[in-house]
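Model the full structure from these sequences, guided by the hints.
Just so you know, we're using the UniProt record's numbering here: the sequence shown kicks off at 1 and counts up by one.
Note that these hints are calculated values from the structure, not bench results.
Note that CB positions come from ideal geometry on N, CA and C, so glycine has one too.
Wrong hints could be hidden among the right ones.
[To be verified] Estimated spans, in silico, between C-beta atoms of each pair: (1) T31 with G4: 15 to 23 Å; (2) G38 with S17: 13 to 21 Å; (3) A32 with G4: 19 to 27 Å; (4) D15 with K46: 15 to 23 Å; (5) G38 with K5: 30 to 38 Å.
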Amino acid sequence: MRPGKAQVKAAADSDTSYAAISDTITGTTVTATGLAEGTSYLFRVKTINQSDSG
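See the structure below:
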């Protein structure tokens with residue numbers, strides 16, 4: 001299996017809407033900027049294959 005791409009989204013713990021941190025991660029790390037100190041966040045990571053996302 002070849003490594004693919006991933007999409008990372010984040011939302012403040014009290015929020016239900018997720019905003020994209022990065023749409024095309026190809027490595028193993030990502031840096032989330034603009035986060036508020038003292039706020040808890042939830043993150044979603046979704047893999048993207050060659051033919052479709054999912």
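Distance restraint hint 13 to 21 Å, applied to the beta-carbon atoms of G38 and S17: holds, 20 Å
Per the hint of 15 to 23 Å, is the separation of the Cβ atoms of D15 and K46 within bounds? holds, 18 Å
Is 15 to 23 Å respected by the C-beta to C-beta distance linking T31 and G4? holds, 20 Å
For the range 19 to 27 Å, tell me whether the beta carbons of A32 and G4 fit it or not. holds, 21 Å
For the range 30 to 38 Å, tell me whether the beta carbons of G38 and K5 fit it or not. holds, 32 Å
The structure agrees with every numbered hint stated previously.
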